[in-house]
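Enquirer: Dock chain B against the given chain A, drawing on the hints supplied.
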Amino acid sequence: MTKKHTPISRTIAAAGALALLLEGGTLALAQSDADAPDNITAAYDEDGRYYTDDDIPTYNIQEDGTVDWMTYSGFRRYHSECHVCHGPEGEGSSYAPALKNSAVDMDYYDFVDVVTNGRQKVNAAEHSVMPAFGTNPNVMCYLDDIYTYLKARGTDALPRGRPKKKEAKSDAIREAENACLGG
Amino acid sequence: MKRLHSIKGILILSTALSLGGMSAASANSELQGMMDDANQWVIQTGDYTNQRYSELSDINKDNVGDLQVAWTFSTGVLRGHEGSPLVIGDVMYVHTPFPNVVYALDLNNDGKVIWKYEPKQDADVIPVMCCDTVNRGVAYGDGKIFLHQADTTLVALDAKTGEVAWSVKNGDPAIGETNTATVMPVKDKVIVGISGGEFGVRGSVTAYNMSDGSLAWRGYSMGPDSDTLMDPEKTTHLGKPVGKDSGTATWEGDQWKIGGGTTWGWYSYDPDLNLVYYGTGNPSTWNPSQRPGDNRWSMTIFARDVDTGMAKWVYQMTPHDEWDFDGINEMILTDQEIDGQMRKLLTHFDRNGLAYTMDRESGELLVAEKYDPAVNWTTGVDMDPNSETYGRPAVVAEYSTEQNGEDTNSTGICPAALGTKDQQPAAYSPKTETFYVPTNHVCMDYEPFRVAYKAGQPYVGATLSMYPAPDSHGGMGNFVAWDNVKGEIKWTVPEQFSVWSGALATAGDIVFYGTLEGYLKAIDANTGDELYKFKTPSGIIGNVMTYTHGGKQYVAILSGVGGWAGIGLAAGLTNPNDGLGAVGGYAALSDYTSLGGSLTVFALPN
Chain A
434 MTKKHTPISR TIAAAGALAL LLEGGTLALA QSDADAPDNI TAAYDEDGRY YTDDDIPTYN
494 IQEDGTVDWM TYSGFRRYHS ECHVCHGPEG EGSSYAPALK NSAVDMDYYD FVDVVTNGRQ
554 KVNAAEHSVM PAFGTNPNVM CYLDDIYTYL KARGTDALPR GRPKKKEAKS DAIREAENAC
614 LGG
Chain B
11 MKRLHSIKGI LILSTALSLG GMSAASANSE LQGMMDDANQ WVIQTGDYTN QRYSELSDIN
71 KDNVGDLQVA WTFSTGVLRG HEGSPLVIGD VMYVHTPFPN VVYALDLNND GKVIWKYEPK
131 QDADVIPVMC CDTVNRGVAY GDGKIFLHQA DTTLVALDAK TGEVAWSVKN GDPAIGETNT
191 ATVMPVKDKV IVGISGGEFG VRGSVTAYNM SDGSLAWRGY SMGPDSDTLM DPEKTTHLGK
251 PVGKDSGTAT WEGDQWKIGG GTTWGWYSYD PDLNLVYYGT GNPSTWNPSQ RPGDNRWSMT
311 IFARDVDTGM AKWVYQMTPH DEWDFDGINE MILTDQEIDG QMRKLLTHFD RNGLAYTMDR
371 ESGELLVAEK YDPAVNWTTG VDMDPNSETY GRPAVVAEYS TEQNGEDTNS TGICPAALGT
431 KDQQPAAYSP KTETFYVPTN HVCMDYEPFR VAYKAGQPYV GATLSMYPAP DSHGGMGNFV
491 AWDNVKGEIK WTVPEQFSVW SGALATAGDI VFYGTLEGYL KAIDANTGDE LYKFKTPSGI
551 IGNVMTYTHG GKQYVAILSG VGGWAGIGLA AGLTNPNDGL GAVGGYAALS DYTSLGGSLT
611 VFALPN
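Going down the list, the sequences are from chains A and B.
Heads up: the first sequence begins at 434 in my numbering, then just goes up one per residue.
Heads up: the second sequence begins at 11 in my numbering, then just goes up one per residue.
Read the hints as simulated data drawn from the structure, not as lab findings.
Idealized CB from N, CA, C, for every residue including glycine.
Certain hints may be false.
[Said to hold, decoys possible] Keeping only pairs whose Cα atoms sit at most 30 Å apart, straight-line, the calculated DSBU-like set for lysine-lysine is: (1) A:Lys554 to B:Lys170; (2) B:Lys562 to B:Lys122; (3) B:Lys500 to A:Lys554; (4) A:Lys554 to B:Lys562; (5) B:Lys126 to B:Lys500; (6) B:Lys354 to B:Lys441; (7) B:Lys562 to B:Lys170; (8) B:Lys130 to A:Lys554; (9) B:Lys122 to B:Lys250; (10) B:Lys354 to B:Lys500; (11) B:Lys500 to B:Lys543; (12) B:Lys545 to B:Lys441; (13) B:Lys496 to B:Lys250; (14) A:Lys602 to B:Lys464; (15) B:Lys562 to B:Lys441.
[Unchecked claim] Sample of chain B residues at the chain A side, in silico, Cβ under 10 Å: (16) Arg89; (17) Ala133; (18) Ile136; (19) Pro137; (20) Trp296; (21) Ser410; (22) Asn414; (23) Asp417; (24) Arg460; (25) Val461; (26) Gly466; (27) Val470; (28) Thr473; (29) Leu579; (30) Leu599; (31) Leu605.
[As the list claims (entries may be wrong)] Not close to chain B: a few residues of chain A, all C-beta gaps over 10 Å, as computed: (32) Ala476; (33) Glu479; (34) Met539; (35) Arg607.
Extracted from the complex, chain A is given alone in its bound form (with noise of 0.2 Å):
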């Protein structure tokens, strides 16, 4: 099955792409909700990255335990930018909710809009602030890695610690990050 799909990570350098193509994808799943679609497993790969019917990214694990790409990269950049506050693995912490579970839970257009517009639950009893990560390049150019990596988590297809094995990395993912990078 060949599909076009656009990966996230190189659109974000427009903003206004990101909000357009935010408020589709929005629009989409609404339509979607009644038939509860497949959101884990992958339907068809596009150069080392792995999709789902809808075209939602996500993880492929062979049986061996070799993860692809995405996943791996994943691992790094949540260890990296997201395990100060959110805890080893996507395990969530005392300051922080597990992601592993948000992923899982919540629709991906939404995870990418608290990702990049951040989030405020301030009252009397939570200072819960997710900040925004919008213009952060060492997470926008990796949210679809750690989004992937996280679901692969929440789903237990990936249990804690070092994926052991994994794909290589396509020159179409070399490419598409350092465009994002670069930009």
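Expert: Showing chain B alone in chain A's frame:
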């Protein structure tokens, strides 16, 4: 005992001598007198030496087993509670993490709230605070309570009424500058640090005038001499002049401008030498390949003149950090005998796992030894003054994240980035001439990679996995008794979790500390034998203090789990080097305790 008295005697004498003509000298001598009074606890560190030693001995090793809870107080805030309350006369001052509430409690009236101060702060500061919204407490001086808020506002409150006398903004959270530390009132000034090493902040120490909050001086950790307040000829590093612009000379291009070296630890002060001591944090980023050079003066012990801010001497412990071994831990000042000679010493337990004993007048390095045998990233420090690498740690290639390179996972490095000890302050008893050190016993894998700097955004650049030190007792902490002259461990109490609580030693021959499960423990100062424990409502990352009221000795501790410990250990650690079956096998803090700030005060039964 004798030596302690002699130290206090010198302090009082020097204070008296410096009275002439100085407008704030009276405030200073008042504060010094209050520190010398063991019935009170007036700054977070107890006194300027940072010994965390109390001469109170009504509670002692023979009766501490009878200790009971006298009263408790809920702070109403859930996040990690570091620091401790203060007691000035009949009033206790209790602080909280963000939103940084301060309570004045009437000890004559069952802890009734005399006043409460709650600053208005933009909640946007919360996520910029790496690793929880902790605050290490208020300080007293000149009739005022000094609160350094999360958003770097330093506010002076009237100790009697809680009214704001003045306030000043020390930094800008929009570029990642925040505060977690306490402040140190000295003479007519308040000494203030800054946080944000994970956001590419350039660290600095600032002195504000106590009377009105106006700026007296600011010394940066890196930059040209005019910023670092260094004299190329007179400021020394291990006895040699630092040379011109030493704070930019070991950086590539303008990288020093986002160089880190923040100053969020504890401060100490020697009135005889008129020097303030503190350490600077890690260079930004955690990816060493992105910032070639020694990155001076990150990871450095500083001795600065209190009046002018000029640096007298520096010592860089970890040149070109490759592991996030922040050098901010406290400097403990003692007067002890070495080779038959009384020396003015400074002892420092660094994150890098080495304990340093230095001459605090000259900056001479006397001892540098591992205070956890697990430490493996270095074979030790070159102690030969004639060597080209004098004072430098010899890095083991296998554990060098720089030598292994970007995108390579270096495994089995001890200690982890938490350090063998983080900010949790050690105590020193002049009776036993022993240091009591709360430690972490955790190792890590560390993989650095390239990151881009963006103001106000995290600037980390490494992936870490942490796990208990292998081939040891399986726990993540130790409570260590240390001889700073010999550079040797006397004894060790193993702990299941990192010991993230500041210790207190007393003339009652006991040492107190808290644990992450929530226990307040008292142990024998000579043997380490456990004499008492009580499980408080939440995990302890605060520091133990003691005071008397109505002629009775009390011991107080803040509980409320959080901080780096709560983030790293809440879900338990895993060892990625183990087989899959062992993953998740280590203790999870969340199985033992939960969030919630409260104060527990202990006393002997009537």
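Enquirer: Does each hint hold? Answer for all of them.
Expert: Hints versus structure:
no.: 1; hint: A:Lys554 to B:Lys170; result: 34 Å, violated
no.: 2; hint: B:Lys562 to B:Lys122; result: 19 Å, holds
no.: 3; hint: B:Lys500 to A:Lys554; result: 48 Å, violated
no.: 4; hint: A:Lys554 to B:Lys562; result: 44 Å, violated
no.: 5; hint: B:Lys126 to B:Lys500; result: 44 Å, violated
no.: 6; hint: B:Lys354 to B:Lys441; result: 17 Å, holds
no.: 7; hint: B:Lys562 to B:Lys170; result: 23 Å, holds
no.: 8; hint: B:Lys130 to A:Lys554; result: 16 Å, holds
no.: 9; hint: B:Lys122 to B:Lys250; result: 56 Å, violated
no.: 10; hint: B:Lys354 to B:Lys500; result: 22 Å, holds
no.: 11; hint: B:Lys500 to B:Lys543; result: 22 Å, holds
no.: 12; hint: B:Lys545 to B:Lys441; result: 29 Å, holds
no.: 13; hint: B:Lys496 to B:Lys250; result: 26 Å, holds
no.: 14; hint: A:Lys602 to B:Lys464; result: 26 Å, holds
no.: 15; hint: B:Lys562 to B:Lys441; result: 22 Å, holds
no.: 16; hint: Arg89; result: 7 Å, holds
no.: 17; hint: Ala133; result: 5 Å, holds
no.: 18; hint: Ile136; result: 4 Å, holds
no.: 19; hint: Pro137; result: 4 Å, holds
no.: 20; hint: Trp296; result: 8 Å, holds
no.: 21; hint: Ser410; result: 19 Å, violated
no.: 22; hint: Asn414; result: 15 Å, violated
no.: 23; hint: Asp417; result: 9 Å, holds
no.: 24; hint: Arg460; result: 8 Å, holds
no.: 25; hint: Val461; result: 5 Å, holds
no.: 26; hint: Gly466; result: 9 Å, holds
no.: 27; hint: Val470; result: 5 Å, holds
no.: 28; hint: Thr473; result: 4 Å, holds
no.: 29; hint: Leu579; result: 9 Å, holds
no.: 30; hint: Leu599; result: 8 Å, holds
no.: 31; hint: Leu605; result: 6 Å, holds
no.: 32; hint: Ala476; result: 28 Å, holds
no.: 33; hint: Glu479; result: 24 Å, holds
no.: 34; hint: Met539; result: 18 Å, holds
no.: 35; hint: Arg607; result: 12 Å, holds
Checked against the numbered hints above, the structure violates hints 1, 3, 4, 5, 9, 21 and 22; every other hint is satisfied.
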